[in-house]
Structure formats: C-alpha cells, structure tokens
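*Asks:* Read off the chains here:
Number of protein chains: 4
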Amino acid sequence: MKLWENNNNNHTNNNNKIEKFTAGEDVSLDQLLVKYDVIGSIAHAVMLQKIGILTQSELMDLKRALLEIIELDRKGQFKIEAWEEDAHTKIENYLTTKLGESGKKIHTGRSRNDQILVDLRLYTKEKLLKVQKNLLNLSNTLVVFSKENKSLPMPGYTHLQKAMPSSVDLWALSFVESLLDDLTFTKTAYNLNDQNPLGSAAGYGVPIDLDRELTTNLLDFKKTQNNVLYVQNSRGKIESIVLATLAQIMIDLSKLSNDLILFSTEEFGFFDIPEEFRTGSSIMPGKRNPDSLELIRARTNKVISYYSQAMNIIKDLPSGYSRDMQETKEPLLKGLDITNSCLEVMAPIINNLKANKERLEKSFSPEIFAADKTFKLVAQGFSFRDAYKEIERNLQRVELTSPEEIIKLRKSRGTSGDLGLDELEKRIKEELNFVKSKKEKFYQKIDTLIG
Amino acid sequence: MKLWENNNNNHTNNNNKIEKFTAGEDVSLDQLLVKYDVIGSIAHAVMLQKIGILTQSELMDLKRALLEIIELDRKGQFKIEAWEEDAHTKIENYLTTKLGESGKKIHTGRSRNDQILVDLRLYTKEKLLKVQKNLLNLSNTLVVFSKENKSLPMPGYTHLQKAMPSSVDLWALSFVESLLDDLTFTKTAYNLNDQNPLGSAAGYGVPIDLDRELTTNLLDFKKTQNNVLYVQNSRGKIESIVLATLAQIMIDLSKLSNDLILFSTEEFGFFDIPEEFRTGSSIMPGKRNPDSLELIRARTNKVISYYSQAMNIIKDLPSGYSRDMQETKEPLLKGLDITNSCLEVMAPIINNLKANKERLEKSFSPEIFAADKTFKLVAQGFSFRDAYKEIERNLQRVELTSPEEIIKLRKSRGTSGDLGLDELEKRIKEELNFVKSKKEKFYQKIDTLIG
Amino acid sequence: MKLWENNNNNHTNNNNKIEKFTAGEDVSLDQLLVKYDVIGSIAHAVMLQKIGILTQSELMDLKRALLEIIELDRKGQFKIEAWEEDAHTKIENYLTTKLGESGKKIHTGRSRNDQILVDLRLYTKEKLLKVQKNLLNLSNTLVVFSKENKSLPMPGYTHLQKAMPSSVDLWALSFVESLLDDLTFTKTAYNLNDQNPLGSAAGYGVPIDLDRELTTNLLDFKKTQNNVLYVQNSRGKIESIVLATLAQIMIDLSKLSNDLILFSTEEFGFFDIPEEFRTGSSIMPGKRNPDSLELIRARTNKVISYYSQAMNIIKDLPSGYSRDMQETKEPLLKGLDITNSCLEVMAPIINNLKANKERLEKSFSPEIFAADKTFKLVAQGFSFRDAYKEIERNLQRVELTSPEEIIKLRKSRGTSGDLGLDELEKRIKEELNFVKSKKEKFYQKIDTLIG
Amino acid sequence: MKLWENNNNNHTNNNNKIEKFTAGEDVSLDQLLVKYDVIGSIAHAVMLQKIGILTQSELMDLKRALLEIIELDRKGQFKIEAWEEDAHTKIENYLTTKLGESGKKIHTGRSRNDQILVDLRLYTKEKLLKVQKNLLNLSNTLVVFSKENKSLPMPGYTHLQKAMPSSVDLWALSFVESLLDDLTFTKTAYNLNDQNPLGSAAGYGVPIDLDRELTTNLLDFKKTQNNVLYVQNSRGKIESIVLATLAQIMIDLSKLSNDLILFSTEEFGFFDIPEEFRTGSSIMPGKRNPDSLELIRARTNKVISYYSQAMNIIKDLPSGYSRDMQETKEPLLKGLDITNSCLEVMAPIINNLKANKERLEKSFSPEIFAADKTFKLVAQGFSFRDAYKEIERNLQRVELTSPEEIIKLRKSRGTSGDLGLDELEKRIKEELNFVKSKKEKFYQKIDTLIG
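Residue numbers (the working numbering), protein chains in the order written: chain U, 10 to 460; chain B, 10 to 460; chain F, 10 to 460; chain V, 10 to 460.
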C-alpha cells in the first residue's frame, strides 16, 4: 500500500493503469538507487536519534534492517514493483513490516522529495568521480600514444584540406588538453552536486529542529544546501549542470571518433583501428567497420539530449516540487552511464591504435609547404603580405620538403616543437591523486556510517 | 556466432565488453521487432521463390520455421542475448540450425541494413495508426465534454490576465482543432514511412534481379522506396519526421495538462480533476496532486528530445549506412510508446473532468467586460479607437454584466456562438473510419502473407 | 503614442529602457511585414465595409492611405522605431494622422494578435512557395548532373569504408528523392499555414458579426481557421511545423555539403568544387576552401535550433496569447531566409560540379567486389551464407573487376541500372507547375484586392 | 580586395552572391569586435617587435594607426561592408593603405583563425564580468526585498497545490542561492575562456619563435592556451561552455518570471508587478500585461538554443579550423547580450515589487496546516506514519491556524526561521569585490597596452 493512500481505496483497473503510467521506467531506475536510499536513511536515523526522535535501540533496529535491504538488493531479492510506487515506499514498508513502530518513525522530518535528492546526489558523486578517473585514464593513454609517435609528421588540415605540416603527437595531445578543460568543468558540477539536500523535507522545512549539519558530515557532503525551497528547485538544475559537463566530454570523444574514422579510411590511411574494435557486414565478406567509434559518436547525441531533457523539464515549473522532476532521473543516470562506458571503450582503442608511418609520409604534398615558404621569404626580408603574394603567384614552384625538417622549425609554445608534455603528465598525475583521495574519503565516511 | 565472424576468432574478454557496448539497449529494443522481422522475412522468401532462388518446398520450410519464431517470441521463449548481436542474426541462426541449406539462403539479396528498415517501417505503421486512433478518441472525449458544458461562461485569458468573456466549450474545442491539425501532420509522416525499403540491400543493390514491387505489395506498403542509397540515407530521417509529428501531439497534451493543472488549483477552481488521476504526499496528509498531468508535461520533453536525437545522430553522416543509425531506434520506439500512453491517459481524465459552474461564474469581474463595452460604444457611433479611449478613461465605471448574455453576443465563426461542432464531429468520424480501414487492410495483407 | 497608452503617462527613462527591451529585434523584423500588414488591413477594411462598419468612401480613403504605406516602405521611408512599438501601431497611427475618423475605425473587430498572425501567414505562404521552387530547381540541377555522369562508377561506402560498387548518378539522385520527400513534408506545413486567422481578435472573438469567410477568400487562404482560441494557440505551433520541414531540407543540404567536402578532398578526389565557391586563407597561400558548403552545414544547425526555439517558447504557455509568442517571429523569418539562401547557393555549386572520372576509376580496389563475387557463387549453386564464408576465407583472391561491367549487373529497381530518372523528371516538372500555379493564384488574388 | 585573393580574379555576379552568403550577418557582428581586434593587434605587434620582426618605429606607426581605428569605430566611421570580408581584413587593409610596409607585416605569425579567437575571448571576458555583476546586483535586490518582507507568510506550493506554510523571504532567497550557484558555474566558464589563443596561427603554429607568454601577459589572460591545434578545436567549445552557464542564469530568470506572472494574477494576488513594467492591449482597454517577464521567459529559450547551436555546429567537425566555426559567433554574442539585458530588466522589477500582505494572509486555508498538525501528534508521542494516518482520516477537522505562529516554529537551517541572510549578504559582497577587481585589473592592463 502506498504511504499516502486512504485505507478505503479500492485498487481499480484504472488505478493500475495510472500506477503503471506514473511509475513508468522510474521503478527500474529506482532499483539503482536502493543502496543510496539506505545510506541516506541511516544518516537520517542517526540524526533523528541525536535530536531525540528515535531511541538508541530503535536506531540500532533500523540500521540493521536497512543493511539487510542492501544485502537483499545485492542478491537481486529486493525488486521494486510498479504497485509499490518507488524505492522509498518499498523501503519504508519493509521497515514497518519488519520493525513495527520504529519503521513508522523513519520518515519523521523528511519527505520523499529530499530523500530522492540525497540518493541522486550520492549516486552522482560516485559516478562523477568515476567519469573523472576514466577521463584521466584516457588522457594517459593518449599521452602514451603521443610519446610513441613523437614528432611523427602528419598533415595539418583546415577545412579538411591539407594546410600545414603537423605531427601525430600534436594531434593526440590536443585531445588531452580538451579533456583536461572538461575535467575542470566537471569539477564545478561535482561541487554544485556536493550539497546536502536532506532536511529540506517537501521544500518548506518541518516544525522540528533537525540537525542538518550532522547529516552533511555523515554523508561526506561538502556543504549543506541551505534554502529549503532552493533545494527542491535545484532538482533538475544540478542534473542539467552535470549533464552539460558530460556533454562536453562526449563531444570530445565524438570528435576523436570522427577523426579516427576519417583518418583510418583507405583514402587517408594514417591510423589502423585495432581489429577487435571493428565489426563485419552480413552481406559483404571481409568488411571491418569502426562500429564502436560510430556508436560513441551517436551516443554523444543522447547525452546532449539528456541535458536538454533535464533542463526543459524543469524550465517552466513553478517554485516547489512537481512530479515532472521525476523524469530528470533517467537522463542523469543514463548520461553518467553512457559517458563512463564510452570513456572505457575509447581508452583501449587508443591503447591499440597504430599510426601508419608510411602513409603519413606519403601524404605530404608540396602545397602543404606554401606557408612555410612564405615565412622563409619573410626571413629574407619580405613583408609577410608581399611574401604571401609572391608564393601565391608561384604555387607550382613550391617544392616538396622533408616534413621532419619542417616540423623541427616549429619552436614556440604549444607547437609540435614544444608540446609541454611534462606539464601535462604532471597535471594528469595530480588530478588522478585528487580524484582518488576524494573517492577514498567518500567511501571511508560511508563505511563509518554503516559500519 | 555472428554472421560475419571469422571461424578462428576467439571470444576474448575485450570482445565481450565491446559486444555489450555495441549491442547496448539495442538488443532489448530488437525484441519488440522480432514479429516484424519474421513478417518481412516471409515476404522476402516469397519473392526469392518467385525469382527462382528458393524452391517452393524451401519456401514452405522457411515459412513454417519463421512462424514458429513468432510463436516462441509470443511466449517469451525467443530472448535475444547480447552475444547473439541482434534479431536478424538470431533469426538466421535459428533457421540455419533448424533447416540447414534453406536457412543459409534466406539472406540472399538482402542486408541487415534493409531488413531492419522493413521492421521499423512496419512497426511504425502499426503504432502510428494507433496514435491516430488514440488522438481521435481523445478528440471525441473533448467533444463530449464540450457538449456537456455548452456555452458555460469561462474567463478568457491573455498574458494569464482576465481578458474577455469566453466559454468552456470554446476552450475545450480549441484542443480538438489543434489535435486535428496534428493528425494531418502525422498523416504525412505515415505516408513517408509507408515506403518499402526491402531490396536496397546495403544501399547499393545486388547483382540479382529482385522483384521489389512484389514485396511492396505483400507487405502493404504504399510504394517502393526507389533509390537504394536514399533508402539507407532515409534511416533516421523518416524517424525524425515521425517524431516531429509526435512532438506536436505531445505539445498539445502538455498545453492541455498545463491548463488543467492551473485551472484546477484552489485559486482558479474552474475544473475538478478526477480523484483516481491524482496521487498523495508522503509527508502532507490529504494532498491530492495532479501527477499524471505533470508526467505528461514532463514526457513531452522526452519526445521532443527523441526528435533531436534522431535528427542529430544522422545529420552529419556521410552517405551510406553507418552504425550510428542503430541509435535512432530507441527514440523512435519510445517516442511512439510515450505518445500512445499519454493519449490513453488523457482521455479518461477528460472523460471524468468536471467543470465547476459556481467558481466559473464567480470569476467574472468587471474589467473583463471592458472590450465589450467598447464595442457597445462603437455600435452607438463612436470610432473604435475613440470608444477604446473613452472606456480606458472610465474603467472604474465598467459594470459587471451577465456572462451568459455576453457570450450570446458572439456570433461570428469560431467564437463561442458558432463553434462548428457538427463539422468537427463529422471530421472526427470520417477520420476514425479512415484509420480503421487502413488498419484492416494492413492486417488483412499480413494475414494473407503469413496465412 | 501607443494604442493602449494613457494620455497622462510620462515617458520616463525606465520606460525607454523597457520599450527597447520589449521591442528588441522585433521592430526590425516587423519591417519585413509592413507589406503584408497593409494587405491584411485592406482585406479587413473591405470586410468592415461589407458588414456596415465603414462607409464605401471611408474604405476608399483607407485603401489609398494603406497603399501609400507600401510605397513608402518600398522606398525605405516607413521605418519603424522602437518607441512606435510595432508595425501595427505605426500603421494605425499613420492612418489616424492622415485620415482622422476612418483611421480610428480600422481596428474595429480585430486585435494586434490576429493582425500579426495574418502578416506571418501571408509572409510564410510566399516564402514557402519560394522554398519549394528553389528545392525543385536544385533537384533539377542534380538530375542534370546525374545525366552528365550516367552510370559513372563510384565506390559505394558504408561506415565510410568502401563497400560495394556504385555510381555517381545513384549518389546524386539519392538527394533528389530525399528532397522530394521533404517537398511532401513542406506541403503539409504549407496547408496548415494556409488558414485565415483574421477575425479571431484577441482569441475570444468580438460581439460583432464579422464575415470571416470573406477575408479568407480575399486573402487567398484555403480555409478559415475556425476556433478563435485555437487561432491564438496555433501561433508558434504553425511556425514550428514550418521550421520542422525546413530543418529536413537543411539536413539534406548539410549531408550533401558533407559528402561534397569529403569527396572533393585531395584524398578522395572524386569531385571538383567550382573555384568561385571556394575561398582562401590569410596565412596559407594557394588554399581554396569549400567555405560555402561549410556554412550551409553550420547554418543547418541554426534552422534546427529555430525549430526548438519556436516550439519551446510556446510549449508551456497557458491557453491564450502571451507576449512570449512575439519571439517566435525571428526563428520563422530567419529560418525561411536561411533555407532559401542555402538552396540558392547549392544549385550553382552542383551546376558547376565536375566528377573526376580518373580518380573515381582508380579508387576501385579489389575488396569492393567481395559481395559481387559472393553472388557469383550463389549463381553457381552455393547457398548465400556458404558463398559468403567461402569469399571471407579467400579475400585475398578477390580480383579487381571492371566497375563498369559490375554496375551493369545491377538491374532491380532503384539501383544504378534502373534509377527511375524519367519518373523523377516527370514529378519535378509537375511539382514545379503546381508551385507556379499556387503562386500565380496568390498574386492574382492580392492584385485584385489592392488593385 | 581580400587578403587571399588572386589579382586576376574578376568580381562576377556569382562572387557577389557568394560574398553576401559567406559574410552573412557575420559582418555586422564583427563590427562589435573591432575594438578587441585592435587591442589584440597591438599586443601582437608589441610581441613582433620584441622578437625582431618589427622595428620600434614600425610598432609605433602601427599602434597609432590602430588607435585611429578605435576612434573611427567609436564614431561609426569604420563600417565593415560584405565585400571587405571581415574585421581582420578591413583592419589589415587600412593599415597597409595608411602605412605601406609595416601594414603588410602585421599579419606575420598569425592567422585570422587565432586573431578572431583573441577578439572573442576578450569580448567574452568583458561581457561575462558584466553578467556576473548584473547577477550580483539582482541578488542584492532580492535580498533587500526579502528583508522588507521578512517572515511574511506565504503558502508553500508543491504540484501547484497549497502544501505547507512558507514565507515571502524563503521564496525570494531561494532565487538568490540559485543565482549564486550559477555564479560559480560562470566562473568556471570565465576561467576556461581566460586562455590566450594568440600564436596558434592556423592551428599548426609557424616556423617563427613567437613569444606567446608575452601576449598572454599584455592582454591579461590567465594562461596561454597551449596546444595550438586544441586552440582551434576549442572554438565553439568555450562558446558553448559559456552559453551553458548563461542558460542556467536565464532558467533562473525564467522561473522567477513564471512565479511572478502566476503570483500576480488576480487569482493569486500575492504580488503587484510595477506598472511601468506592464504594457496594454490594442483591443481591451485597461489591460496591463506582464510583457517584460514574458519576454524574459521566451528569450530564455533563445539562449538555450544558442548553446545548442554552438555545440552542434562544432560537434562533428574534423580537427582543425572549418568555416562552420564562424557561425558560433552569433550565439555567443547574442547570448551574452540577452542575458545581460534580462538581468538588467529583472532588477528594477524586483526593486519595485510589492507583496500584497492581505491577499497572502487570506490565502491560508486549513489543509495547508495538515503536515504541521501531524508533527504536533508526533510531539505527543505518535509515530510519524500513525500521526499522518490519523490526520488523513480527520482532514476536515484540521483547523485554521495563525500562519505567523506556524512560521515561527520552523527553526532548522534554510527554513523560514533560519534563512542565513547574513552569510548570503557577505558572499554577495565578496563576490562583487572579486568581480570588480577582475575588471579593474583587466582595464588597467589594456590601458597600459594601448596607452
């Protein structure tokens, strides 16, 4: 029975239909949140005991029963059904059935509105740390690839036309720097998510003096999210901010996929995508297609659209909780999942990627050296614009040059001659340590709470 | 084993990971398509027999085995697993295991690329007809509601400010006309979807003289989609066109939900939403919230974002099939499903909706009559602009009038006095017959094919 | 002075700021609508005369003064300023200043709400017919290009990997069929737009018996948009439907641009983009970049986002006019403009495009013939799947074949051997005639009205 | 003449058309960037002099001529025409015409690709600081409003249904906290934008040893954006990150607008929107509509769609500059402009907003106290769930209570009893100082550079 249901209500056929409609996919998503709901409930119970709502023995009972739920859930024996409404209701019902009175007290001073927010914030913390770690792993893989292909000449393109001499490591490290900017972006999202919503109840507080700072500490939140109405209004908002940062990562992966697909065509031939990441055709024998990369590219659009979903769902809601907010759960959870899986698939692809030195070299044609010739004239005293016009008039006379030699002439910062690899490696290492320590602290706090 | 797989390949750990990644949710979506894949396969087999690739007895064997699959699938005994890749592969493997040689012939002259397109087009036909029927049912319900509340005065709002006298039926029928425009829009989508892709193979045809018109006829397609490369390039395009039309329906439902939520607040009080479509709160006893309507509103954003997904996924792909296209399956299938379920939930809400006559009457305040007073002065010989200024200067003297009387003064077409109900009812009836006959013809053709 | 302004209001500084904010870019967009506002006003005046609100001589005066405005506007002497609010106000003020009493009568029975809708519908009619004509012109150009390159072999790609033999005309005509499906889509949008909103006033009608059918006829609308509240609620909706169809056209242009950019790279070399559609670099002498195509691709995203704008702006509005709707004007007007300009730029590009026969031929490598070899074994009695495996095992033995010969083996409908060119040409011709006759009828009606 | 143009090219009609198409609105947007282009050019020139490309006197000449351009531009006498291509070309042409040789040297070692990036980054810095200041001003205004209405009871809504007692200051400060989270988000965008792109040239560096750190310092960038290819690939990316943060601000403003529109209806009547921010109707005398708020709400969708534009435009581009990137200029510039203007309009609205105490008090009906009664039973020893059921069964007996008294019972953090106003005020003050000092430092650096 639902928490808010009248005793004398009959379950009619219409009710079942509505139940199915309102629960929708939400119930299966809630399954992923059971663990976090239990953790949040334990913190809430500890706080209730401290302010005198629960006795110590009631707290112990609740804690024991709640930990049983984690165990059952792990074994797949705590399956939420549509008629049970959601994870919160099922858990409260379990506690009440098991414990009687103390079960009926657990919901004192909270609403499902702040309860689900706690679940989502904890879930996001864990998954966003994983995103950051995966992002750094991929960065590392790209650094290794860059070192293996240090200063290996590669044409630089603009407008998909050969433009100027470049190198494989310049190309690969451009993605590393982009990913590191994304990392900065996700850290802000992480911090905005790292606010404790518990104690906001339905968005207007309760006439009980809850100790919100205590649960903030128990659950390893960085701060208490203060204004209780803002807590509710931030549902969907924090989600969309998180998704905005995931979208940027996905766009980087999409760009990388696109480059790899193009540069590994027979026509370009710069890279070989490892065999195990390609799949075949049902009609054309021998084809080996870069499906994984294509799927990363396609799923980028999913994550982008999850961002739109979360944002548009809440955009025009009046202040205070509305049921619409439930529907921001799917984009958040799936957005985190897709981003992690794509990062995890991209890393081994890069790890096994081979640059085709021969094809790269052969791809240098004379026109790619036109700009360099211009600068040669500048060095001889021409003004840049006159030099440009001189070369423009005599394009057919631009000769093929050694790409290796040309690459060596680039010396200023950020060019093939000075890619700042040491700094990048240092930063990646530091960031990895930072993520690791965040994660350890989080797990330690949770262990202490439920231990 | 996959159709394209080398015999000497080992399933490694990496392979499993990639399998899981590439299959993704696609495998569970494919489950919904098994029936249609079988139907398309039977049509293909009939055609292969006609052009001499299959013998009559091979055709009979294939047909029998394919119909077994429908039966197994109905009983939940044809579950596709990630390592089986997709519905097409599993079905071909089933046929080959069961029948040997004839199973190995079924794929002659087709590719999974055109095979999946057939499945999706057939699925879309069926579900889009259902959308149209549901849309017309809802329209009917709104018509009934309009008749029950004929000429019942209701304030007309602009800028959410009381503007001019209006009526409940004017309001309700405005949605009917909007839905009927949506219907027109979906019919175009229906027609564009109603093109047979079979025989396009991988997008470049095959060196066999397939009889494409035959399968077009067997599968009740309106026409053969001609250019084989366009067939492939239209994947995602037709999907996005279908979703664009669904989005319009959802926006209407969202607008209707919004109006209902607002007009049934305590503050407005014009309508009472039936109890069984409201849900309660876990913390506030007695609350009854319009959750179903809020979810319709929220899910509108999902359908809109499915449209963006489908469109953005294919937007920048080169001509010819890319694996990205697989990811347009989820938005299409879910978009159709959400639209149907929302239409099906809205109809009983309207069917049980009550207009609160007393509150509606009480809501008429003098300023709402200002424009009517202006027209009274016009009738007395004032120019409109002078009359307007006269009333503007003497707003406090505008008196309360009987809304019923005022409503009666509206006579021109489309106003409360002449809502064109008969025409609307006639159109709805005709459209329902049209949809019904389309559906019957479709089912009859399929019955003949598989009979 | 504004129509609704109190005489004793002082223009304060704050007012100016708000004026600027509310008018925004809207005033410059309104400039484009002056002509249509005048035409709609003449039709309204003719109707007012018929129902006795205006005398024949007042009508003549109004008509004369309104035609002066068209003349002034054509000469750039009717510039709307932010403080004049909008086109409607400026025009009414002009009439009142010029004519006195009859000017004050023109607004009888209408609101700026239905007035702007008339303007937008007329504008859209004209520009959408232009879109259709431009689309058909481009289709024609692609047909001509296809004939020039009939059966010229070109590799067919899937996953951007060489897949099967194809031809230049198969490729080019795939876009024609896609554009023709878009045309069907725009025709529905055209019809939904072709409804007369005049007489709906502010969305609740007026207590005057307007003859709405008359203005429908005078302005060449296909039908009167009936329910007056739906008329208002359809603002933004019709816009978004129009934009959805424009988005599909743009996506086709984007795909075509993408293919052209890729296939004209040095690496592919299949096509040469005409020199006058390329631009250079400020630093690299000799570069010639396909900027026009890149801009078409980029602007596709603008049109797509205009669709989102229009739809999201109105999605959650309550029934009845809200000022938000004004902001759907920009996406509509710019969407139509961009689509037309991109179609007009693409046509001459295709018209001057050259296929590079030599590069196309050289690009055929043995693996592209694997599927054809498979079908050869099928013809020899192998089952398809066994033949596939046989070829898969012996890929290195697949030999280079003459692409011309291979292309000739494709005979079934829609393949390189039977592209249905005659039907396409016939359809394009018929559609061009249809568009032309629509346009002529429209212009004739307007000429009669203002003549 | 364009920088890259061949001398013997003729301006044909087609060329003009293409010119117009490629320049598009870009030329008018470039006008806004002239000032920044000059500043970036001066920094580049200073650097060129330092590394020996320019003499001291050439530098002085260039600087003088560049400052003339700022002056001309300020007076509206430096208008870029479509045939002049863009700001960069026009400026170089001006310098060359004016100075001869030294003008021809200014472009040494840079490309328009990095030049435009400098312009955009500087522009964004300035405008984003303005956004931050405007955001803080609005926050301050909301704080003042909260103090004026301290603990003034207001119903708290969930699902747009009266839920629990709340207060006007709780409501108002919820927006302040949301805006401050947005501020955090914009600061990340600010930092990611604060990277010097100059010296990346066309994305592959130049064979000259540019001193990139010097221009970073001269232009007050926080760091040099290192990898030269990433610099190019970050175009559109940084833009979309900036726009993602602007979108969040706009969503807050939209939510605030929505609440204000609803709560100031006759039906709710909680707030009175100041007269000067309302506009009238052309047909209904006396109407005063909240147009400014509606426009803020509508324009939120514009900013959101600008984000999509920027992101989708670059999403699938290959590495390296493509002309598509030009089209990200409009969304960035307009997004910044709209956000600033909406913040600037919202502040005076809040500043003049009146809470209607009488209507607020009258709006409290008994059911709003149900949850509080439940907690009263909890205090009497009931378990929460039993208390809830008790009240649910006896809803009709819940009595009206004094809202003021009920409000006082809320004591825990973030509720009406402890809103943390001091902390908020402190933070706003600190942030204002931070923004102010950033701005001063920026202006000082630029002054030094051009002084």
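These are computed hints drawn from the structure, not numbers from a lab.
These numbers come from a predicted model, not from an experiment.
Fair warning: there could be bad hints in the mix.
No copy labels: a pair is met if it fits in one copy or bridges any two.
Said to hold, decoys possible - No farther apart than 16 Å at their CA atoms in a straight line, the calculated lysine to aspartate or glutamate pairs in the EDC-like style are these:
| no. | residue 1 | residue 2 |
| --- | --- | --- |
| 1 | LYS26 | GLU284 |
| 2 | LYS107 | GLU413 |
| 3 | LYS44 | GLU77 |
| 4 | LYS371 | GLU275 |
*Asks:* Indicate which option fits the pair LYS107, GLU413 if close means a Cα-Cα distance not exceeding 16 Å: within, between, both or neither.
*Replies:* neither (75 Å within a copy, 40 Å between copies)
*Asks:* Please work out whether the CA atoms of LYS371 and GLU275 approach to 16 Å or closer within one copy, between two copies, in both situations, or in neither?
*Replies:* For LYS371 and GLU275, the Cα distance is within 16 Å both inside one copy (13 Å) and across copies (13 Å).
*Asks:* Is the C-alpha distance from LYS44 to GLU77 at most 16 Å within one copy, between copies, in both cases, or in neither?
*Replies:* Answer is within; shortest intra-copy Cα gap is 11 Å, inter-copy 42 Å.
*Asks:* Could you place LYS26 and GLU284 in one of the four classes (within, between, both, neither) given a Cα distance threshold of 16 Å?
*Replies:* Answer is between; shortest inter-copy Cα gap is 14 Å, intra-copy 48 Å.
Hint compliance for this structure: hint 2 is the single one not met.
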